[in-house]
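Asker: For reference, the chains in residue letters:
Protein chains: 2
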Amino acid sequence: VAAARRSLIVVSNRGPVGYARDEDGSRVARRGGGGLVTALRSLVAHHDVTWIASAITDEDRVVAAEAGGAVEEAVRDGSPCRLRLVPHDPAAYDRFYNVIANPTIWFLQHYLWDLVRNPNVDPALLHAWDDGYVPVNRAFAGAVLEELAERPDATVFFHDYHLYLAPRLVRDARPEAVLAHFVHIPWPDAELWHVLPEEMRRAVHEGLLANDVVGFHTERWARNFRRSAEDLLGEGALGRTHVTAHPISVDAAEFAHLAETEAVLQRERELVARRPERIVLRVDRTDPSKNVVRGFLAFELYLEAHPEAHGGVVMLALLDPSRQDIPEYAEYLAAIEREVRRVNARFETDGWTPIDLRVEDDFAASVAAYKQFDVLLVNAVFDGLNLVAKEAPLVNERGGVLVLSENAGAHEELAEWVVSINPFDLGGQADAIHRALAMAEGERERRLEAIRERVRSHDLEWWIGVQLSDFDAAAARRRAAATAG
Amino acid sequence: VAAARRSLIVVSNRGPVGYARDEDGSRVARRGGGGLVTALRSLVAHHDVTWIASAITDEDRVVAAEAGGAVEEAVRDGSPCRLRLVPHDPAAYDRFYNVIANPTIWFLQHYLWDLVRNPNVDPALLHAWDDGYVPVNRAFAGAVLEELAERPDATVFFHDYHLYLAPRLVRDARPEAVLAHFVHIPWPDAELWHVLPEEMRRAVHEGLLANDVVGFHTERWARNFRRSAEDLLGEGALGRTHVTAHPISVDAAEFAHLAETEAVLQRERELVARRPERIVLRVDRTDPSKNVVRGFLAFELYLEAHPEAHGGVVMLALLDPSRQDIPEYAEYLAAIEREVRRVNARFETDGWTPIDLRVEDDFAASVAAYKQFDVLLVNAVFDGLNLVAKEAPLVNERGGVLVLSENAGAHEELAEWVVSINPFDLGGQADAIHRALAMAEGERERRLEAIRERVRSHDLEWWIGVQLSDFDAAAARRRAAATAG
Numbered sequence: 182v183a184a185a186r187r188s189l190i191v192v193s194n195r196g197p198v199g200y201a202r203d204e205d206g207s208r209v210a211r212r213g214g215g216g217l218v219t220a221l222r223s224l225v226a227h228h229d230v231t232w233i234a235s236a237i238t239d240e241d242r243v244v245a246a247e248a249g250g251a252v253e254e255a256v257r258d259g260s261p262c263r264l265r266l267v268p269h270d271p272a273a274y275d276r277f278y279n280v281i282a283n284p285t286i287w288f289l290q291h292y293l294w295d296l297v298r299n300p301n302v303d304p305a306l307l308h309a310w311d312d313g314y315v316p317v318n319r320a321f322a323g324a325v326l327e328e329l330a331e332r333p334d335a336t337v338f339f340h341d342y343h344l345y346l347a348p349r350l351v352r353d354a355r356p357e358a359v360l361a362h363f364v365h366i367p368w369p370d371a372e373l374w375h376v377l378p379e380e381m382r383r384a385v386h387e388g389l390l391a392n393d394v395v396g397f398h399t400e401r402w403a404r405n406f407r408r409s410a411e412d413l414l415g416e417g418a419l420g421r422t423h424v425t426a427h428p429i430s431v432d433a434a435e436f437a438h439l440a441e442t443e444a445v446l447q448r449e450r451e452l453v454a455r456r457p458e459r460i461v462l463r464v465d466r467t468d469p470s471k472n473v474v475r476g477f478l479a480f481e482l483y484l485e486a487h488p489e490a491h492g493g494v495v496m497l498a499l500l501d502p503s504r505q506d507i508p509e510y511a512e513y514l515a516a517i518e519r520e521v522r523r524v525n526a527r528f529e530t531d532g533w534t535p536i537d538l539r540v541e542d543d544f545a546a547s548v549a550a551y552k553q554f555d556v557l558l559v560n561a562v563f564d565g566l567n568l569v570a571k572e573a574p575l576v577n578e579r580g581g582v583l584v585l586s587e588n589a590g591a592h593e594e595l596a597e598w599v600v601s602i603n604p605f606d607l608g609g610q611a612d613a614i615h616r617a618l619a620m621a622e623g624e625r626e627r628r629l630e631a632i633r634e635r636v637r638s639h640d641l642e643w644w645i646g647v648q649l650s651d652f653d654a655a656a657a658r659r660r661a662a663a664t665a666g
Numbered sequence: 182v183a184a185a186r187r188s189l190i191v192v193s194n195r196g197p198v199g200y201a202r203d204e205d206g207s208r209v210a211r212r213g214g215g216g217l218v219t220a221l222r223s224l225v226a227h228h229d230v231t232w233i234a235s236a237i238t239d240e241d242r243v244v245a246a247e248a249g250g251a252v253e254e255a256v257r258d259g260s261p262c263r264l265r266l267v268p269h270d271p272a273a274y275d276r277f278y279n280v281i282a283n284p285t286i287w288f289l290q291h292y293l294w295d296l297v298r299n300p301n302v303d304p305a306l307l308h309a310w311d312d313g314y315v316p317v318n319r320a321f322a323g324a325v326l327e328e329l330a331e332r333p334d335a336t337v338f339f340h341d342y343h344l345y346l347a348p349r350l351v352r353d354a355r356p357e358a359v360l361a362h363f364v365h366i367p368w369p370d371a372e373l374w375h376v377l378p379e380e381m382r383r384a385v386h387e388g389l390l391a392n393d394v395v396g397f398h399t400e401r402w403a404r405n406f407r408r409s410a411e412d413l414l415g416e417g418a419l420g421r422t423h424v425t426a427h428p429i430s431v432d433a434a435e436f437a438h439l440a441e442t443e444a445v446l447q448r449e450r451e452l453v454a455r456r457p458e459r460i461v462l463r464v465d466r467t468d469p470s471k472n473v474v475r476g477f478l479a480f481e482l483y484l485e486a487h488p489e490a491h492g493g494v495v496m497l498a499l500l501d502p503s504r505q506d507i508p509e510y511a512e513y514l515a516a517i518e519r520e521v522r523r524v525n526a527r528f529e530t531d532g533w534t535p536i537d538l539r540v541e542d543d544f545a546a547s548v549a550a551y552k553q554f555d556v557l558l559v560n561a562v563f564d565g566l567n568l569v570a571k572e573a574p575l576v577n578e579r580g581g582v583l584v585l586s587e588n589a590g591a592h593e594e595l596a597e598w599v600v601s602i603n604p605f606d607l608g609g610q611a612d613a614i615h616r617a618l619a620m621a622e623g624e625r626e627r628r629l630e631a632i633r634e635r636v637r638s639h640d641l642e643w644w645i646g647v648q649l650s651d652f653d654a655a656a657a658r659r660r661a662a663a664t665a666g
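Chains as they are written, first to last, in our numbering: chain A, 182 to 666; chain B, 182 to 666.
I should point out that these hints are in silico values taken from the structure, not numbers from a laboratory. Since we're looking at a predicted model, the values are computed, not measured. You can take every hint at face value.
Quick partial rundown of chain A residues pointing at chain B, CB under 8 Å, derived from the structure:
1. Asp295
2. Asp303
3. Asp370
4. Val562
5. Asn603
Facing chain A, from chain B, some residues (calculated, C-beta under 10 Å):
6. Tyr292
7. Asp295
8. Val297
9. Asn299
10. Asn301
11. Pro304
12. Arg404
13. Asp412
14. Pro469
15. Asn472
16. Phe563
17. Asn603
18. Pro604
Per the computed footprint, the stretches of chain A lying under chain B, defined by three or more beta-carbons under 8 Å from a beta-carbon of chain B, are:
19. 375–384
20. 474–485
21. 606–612
Glycine included, every Cβ here is placed at the ideal spot set by N, Cα and C.
Okay, chain A solo, but in the shape it has when bound:
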C-alpha cells in the first residue's frame, strides 16, 4: 500500500545514529537497531523523516556543532533520514536521564516506588527537574521549532516519557502544527501521579495534552490517562486531544529471517547440545518491573510441588543487565543472583541445575532460545506492552506456551491464547508453569498458531498505518476547525 509521501519529524531521546571516534581518530557512525528504530523503519523508508534526538556522546556533540542543524544520514537498513542531534549540557542531561526519566518517572509509571521510603521530592530532585528535565525538553522543543520552520506541514511525532514537556512548548509557538506523542510505557492512575508535586504532575499532563494525538499500547493505559488528565486538570482537560490505543508490534518476516542466520543457528546448536527435557524461558532486561525475582520464587514453588520435574525442567533466564549506574537496578540484579544461588543450592543434583542464569546482552542467544522454549514466562509487575511476548512465539519450534502477566500490555491482545498470571501471585505462577508444561500438544500448537496469526496480521506495518491514519484525522480536524474559524 503505497501511501502518499509525508513529511515527518520524529522526536525521541535516543536516535537511530550516534557517533564515536575510532582508534585512528576518524569518525564512526553507529547505526542502532533498538526498539524504536526498528518500529519506525518503514516510516523512514517510505517518507521524508527528520529525526531529532539527543547528542549523547562527545562526538555527537561535535557533529551537532558542525551541522548547526540536521545532517543527511542513513538508518541501519540504508534508508535516508535527516538527523538532528540536540546538544545538552552534560550535567543537565545526566539529571534529566538518571534522576528524572529513570528512575523517577519510569518507576512511577510502573508502580515500582516503595512509597513509605521513596521517592523523596527533595532539593536534589527539584534541581534535576528545573535544571535537567525542563532544559532538555526546552532544547528539544527549540530543535522541533527550527525544523518546523523549514517544513511547516510536517507532522511531529514525539516518543515516550523523556519528552513530556516539549509538546506544550512547541504548541505555544505553533498553534496550527499537527503534534502526536506515543507513550511506550504504562500509564498509572491519577492517585499515583500525586507522588509528584502539583506543579510537576500538571506540567506532565499539560505537556502531553498539547498534542493532537496521544497514543498508548492498550485501552487500559489510555483510559488511565483520560482519567488522570481530568482528575488533575479538571473536566474537559482532554480538549481536542485524541487519546488512542494501538499496540506496537514486530516485523514477522525479520524474525523468520533472523531465526535462520548463522549467529542464531550457532547459538541454537549450543543450546540444543545441553538442553534439558523442557525449558521454561524468560528473556528480559534486569529491570525491577520485569519481576525476575518473583519468577524464581514461583519456579521454586513449582519444583516443590512437582518432584517429577526435577532433573528434566530448567528455567533458562537470559537477562540483559540494565541501567546498572542506578542503585535500585544494581540492587535488583544482586537480588536476582542471590535468589538463583538459593534456589539452585536447594534443588540441584549431579547433572541438573534448575535455574540457568545468563546475565549478558546476546540477542542471537535470545532468538535461539525463542526457538527452543517449551514455556515462555513473562510475569512483569507492569509493562507497557512487552515485545518478547510477540517475538518469541513467531519463531518457536516446540509448541511453546506463553505464560503472560495480566499487567503486561500485550495481555490485552493475546489473553485468550495464553496462560494468564497475576504477577504477585507466586502460587498462581507455579500452577501456570505446570499447566503450560502439561498442556496437550494439539492445544499448545493451536494457541501458538493463534498468537502468530494475531502478530502477523497486526505487525509493525499495521501499527505504522494506524499511526498515520491518526495523524491524518488530526490534520483533517485542524483543517475543519480552521475553515469553520
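The hints should help you fit chain B onto chain A, whose structure is shown.
Answerer: Chain B in isolation, oriented as in the chain A frame:
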C-alpha cells in the same frame, strides 16, 4: 432532633465492650473509647442497637459461649446496647487480622507496598485468606443473619476493611435486608487492586456491592471505588448500590470538656514549663502511612534553611506505637528513632533539642499538645480522613496553623484554611512549616476559626444524621422496588 427510634445492627471487628478476668478471677468488662465507639455513641444512645464484634480475648469467648447470642450491655457512656461477640478459631483470627487485614489490605489501600518485593501472594497468604479472612467473615455473616431473624427490619451497618466479604453472604440469604457499609480508609484505584489475584479482588468488590449503601469519607475515595468496581466487575457493576461520601467527624463539646480535665491540665502545665518558643506538633500512630520519617527529613530541611529557628522551634512528635507485632511496623518505628537521633545529633545545642520524640500512648498529653501547638503537621502518605486534623484545632489556644497532606481525606473539607502539602515533597513541607510559623496572627486566627466552624457544623451528630438519611433512602428504594415488583 429526636428522630424515630430505629433498630440497627452495627458490625465491626472490634466492639465497644470486651471482657477479661481480674486477679481474683471475676469477670471485668472493658468499655473502650476507640474511634468507632465514639463515632457511634449517639446512635447507641438514641436507637436500639445490636453490636456484633469479634470475641477477641479468652473471656470474650467465654461470654459468647455462655450467651449463645447477644448479651445486654452498656457502652462507655452508659447507654444500653445489645452486644453479640462472634467467636473465631484463634489461629483463623490471627491469619484474618495479622496477615490479611493488616498489613495486606491496609497496605494496599494506603499505597504502602513496595511492589518490586511485596506482597508475595504465596501459599501462606492464600491460606490466610481461605482459612482466615473467609471464615471470619462467614462467622460475622452468620451472626448477622441470626440477629436479622429476630429483627427483620433492622438496618445492618458494616464497618471497614475487615468485613468486605460478609455483606454478600448476608445478602444471599436476605435479599430484602437494608445493608450499609462504611469504609474508613482510602480507596485506591483499580490498578492497585491488581495486586490481589482476580478471585480475591472480585470477592472484595462483590462483597461491598451487596450493600445498598457504601460510604466513604471523601468524593475522591468514592470515585475510586466506583471506577474500580466497574473496571474489575464490568460496566453496571454498581447496580443498585449507592456510593456516598460523608466525612466522619468529632464531638466538639467533648473536646472542649476534655481540654479542661485535670489530666490534660496537668500535662499542659508540664508542657508549658518546658515549652520552646514555637512548637511544630505531630500526633500519630507509628504507622508507615503517617509518613513520620519524611516529616523529620522536612524539618531537617527547614532547620538547614532557617538558622534563626535554631534554639526556638521544636518538633514535638507524640507517637502511639502501633502494631509492633507486624515486621513492617517494627521496622518503621526503628527508622523513626534512627532519623530523630540523626537530626538531633546534627543540630542540637546546649538547651535545645530540635525533635522531642515521645513514643507512648498518652491521650491526655496529646490533648495538652493540641492546645499548645503553633503548627500542626499532618503529612500522611494516604489517610482515609485523619481525625487529628479536626480534633486539634478545636482546642488550640495559640492560633495554631494546620499543615495538611493533600492525600488526607480531611483535605477535601479543610483545604482552603490549611497550608497544603504534598507528602512526598520534603522541600514543600519545609517551606510550609516556615510559612505557617511566619503567618500573621490575624490570618492564623481567621483560618483556625474557620476550621473550627466547619468541624462544629459538621460534627458527629451531623455525620450520624446523614448516615441515617442514606439508610432511609435505601429503605425507600427497596419498598418502591417491592411495590413495583
